[in-house]
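For the record, the sequence lines run as chains U and D. The numbering of the first sequence is numbering that gives the first Met the number 0, which starts it at 0 and goes up by one. The numbering of the second sequence is numbering that gives the first Met the number 0, which starts it at 0 and goes up by one.
These are calculated hints, taken from the structure and not from any lab test.
Covered by chain D, per the in silico footprint, the following chain U stretches (three or more residues, Cβ under 8 Å): (1) 89 to 102; (2) 108 to 116.
So these bits of chain U aren't anywhere near chain D, every CB distance computed over 12 Å: (3) Asp41; (4) Arg42; (5) Ala43; (6) Pro159; (7) Ala161; (8) Leu183; (9) Gly184; (10) Ile185; (11) Pro186.
Quick list of the computed label-pair ranges, beta carbon to beta carbon: (12) U:Gln199 / D:Asp135: 43 to 51 Å; (13) D:Asp105 / U:Lys123: 36 to 44 Å; (14) D:Glu24 / U:Ser206: 21 to 29 Å; (15) U:Glu102 / D:Glu180: 34 to 42 Å; (16) U:His195 / D:Gly27: 30 to 38 Å; (17) D:Glu160 / U:Gly173: 42 to 50 Å.
The beta carbon of each residue, even a glycine, is placed where N, CA and C say it ideally should be.
Below, each chain spelled out in residue letters.
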Amino acid sequence: MKAEAVETTRLLERARVLERSEHRDTHLSPESAASGRIGVVDRAMLEQFRDGDALAVKAVYDEFGGPVYALSLSVLRDPDLAADATQQTFLKAWRASATYDPEREFRPWIYAIARRTAIDIYRKRKRIVPSDDIDGATTSPGLETAWEVFEVRAALDRLPDAERVVVQLSHLEGLTHAEIAARLGIPIGTVKSRSHRAHQRLAALLSHVNEI
Amino acid sequence: MRNGTNDQGLGRIEEIVDTPSVWAEPPGELEPALLAAITGSERVELVRTPDPASRKWWGYAAAALVAAVVTFVIFAPLGGDEPEPSAVIALAGAGVEGEAAVGAADAGWWIQMNVTGLDPAPEGSFYDGWVSDGQDMISVGTFHMRDGTYVTLWSGVPLMEYPELLVTLQEVGGGTKPSPEVVVSGRLGD
Chain U
0 MKAEAVETTR
10 LLERARVLER
20 SEHRDTHLSP
30 ESAASGRIGV
40 VDRAMLEQFR
50 DGDALAVKAV
60 YDEFGGPVYA
70 LSLSVLRDPD
80 LAADATQQTF
90 LKAWRASATY
100 DPEREFRPWI
110 YAIARRTAID
120 IYRKRKRIVP
130 SDDIDGATTS
140 PGLETAWEVF
150 EVRAALDRLP
160 DAERVVVQLS
170 HLEGLTHAEI
180 AARLGIPIGT
190 VKSRSHRAHQ
200 RLAALLSHVN
210 EI
Chain D
0 MRNGTNDQGL
10 GRIEEIVDTP
20 SVWAEPPGEL
30 EPALLAAITG
40 SERVELVRTP
50 DPASRKWWGY
60 AAAALVAAVV
70 TFVIFAPLGG
80 DEPEPSAVIA
90 LAGAGVEGEA
100 AVGAADAGWW
110 IQMNVTGLDP
120 APEGSFYDGW
130 VSDGQDMISV
140 GTFHMRDGTY
150 VTLWSGVPLM
160 EYPELLVTLQ
170 EVGGGTKPSP
180 EVVVSGRLGD
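Using the sequences and the hints, build the whole thing.
What follows is the structure, encoded as structure tokens:
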């Protein structure tokens with residue numbers, strides 16, 4: 000146990016060193032350089048993931064932790080269960096990483112694991128908790144939109160920070176452009192242009208979702 | 000639409016963007032906890048066709064020519080290529096969980112299951128793996144699971160057309176039809 004803690008500390012420290020030295024950027028696509036929170040895990044990183052590099056799991060988590068957690072919360076409606084589902088998802092992905100083919104898209108692969116994990120937890124929970132405390136249906140109502148939630152969150156995480164915060168304040172907090180401008184201390188024209196660009200990006204990134 | 004100017008073709012995903020869970024952040028302690036869990040975990044290792052060029056392989060061949068010949072006969076029909084996994088099926092049952100890595104080979108579609116919580120089949124019984132399209136069930140192999148957590152099954156039908164994977168507990172002498180006692184199952188694409 001002590002050895003595991005030391006190993007974890009070593010991994011985290013190594014990750015911090017790599018981030019400081021901008022090593023991480025070498026694994027990201029050029030597109031990500033202009034983007035905000037995350038990059039796009041590229042082929043080289045996915046090969047490292049397949050080969051069992053724990054640091055690659057961290058990179059994968061950095062990119063997909065948000066979408067997996069959002070999906071899990073959407074299905075399970077409980078932050079603690081969603082956190083558990085998120086951890087289980089990445090643990091399962093790690094255990095099965097040798098079976099992952101880097102030629103194939105990673106997003107549907109991790110989505111499939113996340114969805115199944117959330118369903119399993121939902122069903123186990125349903126067996127334990129009386130039916131009036133949790134939806135009586137065999138599947139969560141959040142399951143219907145699980146894919147959309149996952150994809151939308153992944154797209155939001157690819158927005159530049161300055162644009163993402165405008166979308167967040169508008170959609171999550173319901174602020175007007177004027178209120179956002181006041182909150183961020185920037186001109187309303189800037190808010191409008193960022194909002195416009197952000198929505199254009201989202202529409203492009205999510206065009207496949209609307210086609211389903 | 001709160002500001003009247005944001006509609007850039009988001010369509011029905013607009014309401015998804017409004018959903019609080021879409022914006023929720025995983026707890027900060029999750030990442031170190033995950034890395035800690037990974038440190039103490041083992042990965043599924045694929046069963047790979049032995050590489051004829053490896054020194055270890057030739058060492059065995061030199062030491063036991065007969066064994067090498069037998070092994071060549073066994074592996075020659077597979078074309079000598081390493082199996083390429085193409086998907087993972089999440090498996091679940093009562094107290095049982097795991098994954099099945101699947102892929103195509105010359106001889107058929109291989110399914111490598113790694114499950115935990117599946118008790119050894121009691122004496123007089125065995126497990127039978129099945130793939131199903133929702134109507135027909137086709138056996139992909141039998142096993143007893145009396146040692147270890149891995150088992151490799153083979154399917155002669157495409158898994159894309161028979162995406163359900165099930166394991167039933169069968170009685171010896173009880174016929175060749177699947178029993179209703181499904182101990183673990185999963186579906187390709189879920």
